[in-house]
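Could you put the whole structure together from the sequences, leaning on the hints where they help?
Just so we're aligned, residue 743 is where the sequence shown starts under the working numbering, counting upward by one.
Source of the hints: derived by calculation from the structure; they are not laboratory data.
Pair by pair, the computed Cβ-Cβ distance ranges are:
1) Leu-803 / Lys-753: 28 to 36 Å
2) Val-793 / Glu-770: 20 to 28 Å
3) Lys-766 / Leu-799: 18 to 26 Å
4) Lys-782 / His-759: 30 to 38 Å
5) Lys-795 / Glu-770: 19 to 27 Å
6) Val-772 / Thr-792: 19 to 27 Å
7) Lys-766 / Ile-796: 23 to 31 Å
Built from N, CA and C at the ideal position, the CB exists for glycine as well.
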Amino acid sequence: MKKPAIPSIPKLADDRHRFDGAIKERLEIVAGERGGKLAKLPADADLPTTVAKINELIELLQ
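Written out as structure tokens, the structure reads:
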């Protein structure tokens, strides 16, 4: 899933509305309110499973 970039802060009202919408969307993605949710790792997760989960988190944040 391609993530929207955060634009420069606009000066006009219409541009400001689009800017605020882009920020809101990005925060919802990072907070897990939009898009897929990350499942917790079990307490006995092995190294490859842990690495895969960290990579999943990095992908979400990029």
